[in-house]
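According to my numbering, the sequence shown is numbered sequentially starting from 1.
Since the hints were made in silico from the structure, they are not lab data.
Careful: at least some of the hints might be erroneous.
[Unchecked claim] Once the Cα atoms are required to be at most 20 Å apart in a straight line, the calculated DMTMM-like pairs of lysine to aspartate or glutamate come out as:
#1 K4 <-> D28
#2 K217 <-> E239
#3 K4 <-> D46
#4 K90 <-> D33
#5 K4 <-> E37
#6 K9 <-> E218
#7 K90 <-> E244
#8 K90 <-> D75
#9 K217 <-> E154
#10 K9 <-> D66
#11 K9 <-> E204
#12 K90 <-> E58
#13 K90 <-> E154
#14 K90 <-> D45
#15 K217 <-> D93
#16 K9 <-> D45
#17 K90 <-> E218
#18 K4 <-> D33
#19 K4 <-> D75
#20 K9 <-> D46
#21 K4 <-> D81
[Stated by the list, open to error] Label-pair restraints from in silico Cβ distances:
#22 T255 <-> Q227: 29 to 37 Å
#23 G185 <-> E22: 17 to 25 Å
#24 L160 <-> S76: 39 to 47 Å
Beta carbons: idealized from backbone N, C-alpha and C, even for Gly.
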Amino acid sequence: MNVKVLTDKDTGVAVVTLDRPERLNAVDLAMRDELQETWRGLRFDDSVRAVVLTGAGERAFCTGLDRSAVVPQPDSPYMADDPLLRVGPKANDLWKPVIAAVQGMACGGAFYLLGESDFVVADTTAAFFDPHTTYGMVSAYESVLMAQRMPHGEVARMMLMGAAERIGARRAYEIGLVSEVTEPGGALAAATECATVIAGYPAEGVQGTVRALWAAKEGAVAAGFAQAAHLVALGNLPEERQAELFAGRRRSFRTR
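Make a model of the complete structure from these sequences and hints.
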């Protein structure tokens with residue numbers, strides 16, 4: 001199993017852990033399917049009233065789509081499949097609060113998950129970046145989701161600078177991506193503490209608030225997503241060229 005779920009029946013909190021630390025919790029198709037099943041299962045579990053989402057290990061929360069994943073595509077520019085489009089809780093109609101606890105790297109396709117979390121807690125080791133442009137790819141879905149959480153200029157800089165820059169936890173807090181910064185290793189406990197408080201409130205009011213908050217921005221997300229597949233099809237380099245750029249990547253970067 002690539003996704004672990006630990007439920008505390010006393011508090012009403014479930015901790016969902018991305019469990020591929022040897023791959024920096026990158027999402028392959030098996031993990032994608034497990035996440036969808038997890039969110040759908042939590043919809044029907046009335047003992048769970050709040051959820052914490054985290055990643056196993058110290059190096060990464062999630063590094064996006066596993067580059068080794070083989071994603072079948074229809075032979076048509078009108079029916080391109082994005083493998084992570086339905087990976088998040090909101091895409092699976094889960095209207096229970098989801099709090100992300102981030103330690104280490106969160107990049108690329110991780111923003112599908114962070115973009116559908118209700119708020120983010122991070123420790124001081126957290127680093128956020130999107131390498132798409134560096135490797136000849138369009139950051140479309142990720143940019144749309146992050147544009148709902150951060151000022152436009154900050155999103156633009158992160159997406160356009162690619163792998164050359166990372167946003168540290170403190171800067172992420174200053175621009176509103178992160179709601180709380182903890183000491184190293186403390187994000188999960190802090191997020192779980194918040195989830196426990198929320199889970200103690202009447203579920204109907206909490207879930208209605210989650211739905212209302214998402215309603216405030218889902219129109220913009222839908223409009224952006226409607227353009228995303230076409231922009232990716234037009235702007236992405238061929239996969240062989242992407243692989244060349246990835247293989248020749250530089251290891252240097254600055255952290256803001």
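Cross-check of the supplied hints:
A distance of roughly 15 Å separates the Cα atoms of K4 and D28; the hinted pair therefore holds under the 20 Å criterion. For a cut-off of 20 Å, the pair hint linking K217 to E239 is broken: about 33 Å separates their Cα positions. Taking the CA atoms of K4 and D46, the gap is near 19 Å; set against the 20 Å cutoff, the hint holds. Of the pairs offered as hints, the one joining K90 and D33 holds, with about 15 Å between alpha carbons and a cut-off of 20 Å not exceeded.
About 12 Å separates the Cα atoms of K4 and E37, which keeps this hinted pair within 20 Å; it holds. For the hint linking K9 to E218, the alpha-carbon distance of about 31 Å lies beyond 20 Å, and the restraint is violated. Taken as a hint, the K90 and E244 pair is broken in the structure, with Cα atoms around 35 Å apart against an allowance of 20 Å. For the hint pairing K90 with D75, the CA-to-CA distance comes to about 29 Å; that exceeds 20 Å, so the pair is violated.
For the proposed pair K217 and E154, the alpha carbon gap of about 18 Å is at most 20 Å, so the pair holds. Proposed proximity of K9 and D66 is contradicted: the alpha carbons are some 33 Å apart, above 20 Å. Distance check on the hinted pair: K9 and E204 sit about 18 Å apart at the alpha-carbon level, within 20 Å; holds. The straight-line distance between the Cα atoms of K90 and E58 is roughly 26 Å, outside the 20 Å bound, and the hint therefore fails.
Note on K90 and E154: the hinted pairing is violated, with a Cα-Cα distance of about 24 Å set against a maximum of 20 Å. Distance check on the hinted pair: K90 and D45 sit about 16 Å apart at the alpha-carbon level, within 20 Å; holds. Proposed proximity of K217 and D93 is supported: the alpha carbons are some 15 Å apart, at most 20 Å. Only pairs whose Cα atoms come within 20 Å are accepted, and K9 paired with D45 is accepted, the gap being roughly 11 Å.
Proximity of K90 to E218 is assessed by CA-CA distance (about 10 Å); at most 20 Å being required, the pair is judged to hold. Distance hint between K4 and D33 is fulfilled; the C-alpha atoms sit about 13 Å from each other, no more than 20 Å. At roughly 35 Å between alpha-carbon atoms, K4 and D75 are farther apart than 20 Å, so this suggested pair is violated. Distance hint between K9 and D46 is fulfilled; the C-alpha atoms sit about 10 Å from each other, no more than 20 Å.
A threshold of 20 Å between alpha carbons decides the hint, and for K4 with D81 the separation of about 26 Å lies outside it, so the pair is violated. Distance hint check: the CB atoms of T255 and Q227 are about 31 Å apart, consistent with the given range 29 to 37 Å. At about 19 Å, the CB distance of G185 to E22 agrees with the hint of 17 to 25 Å. Under the hint 39 to 47 Å, the C-beta atoms of L160 and S76, about 30 Å apart, miss the expected range.
Violation of the numbered hints given earlier is confined to hints 2, 6, 7, 8, 10, 12, 13, 19, 21, 24; the remaining hints are satisfied by the structure.
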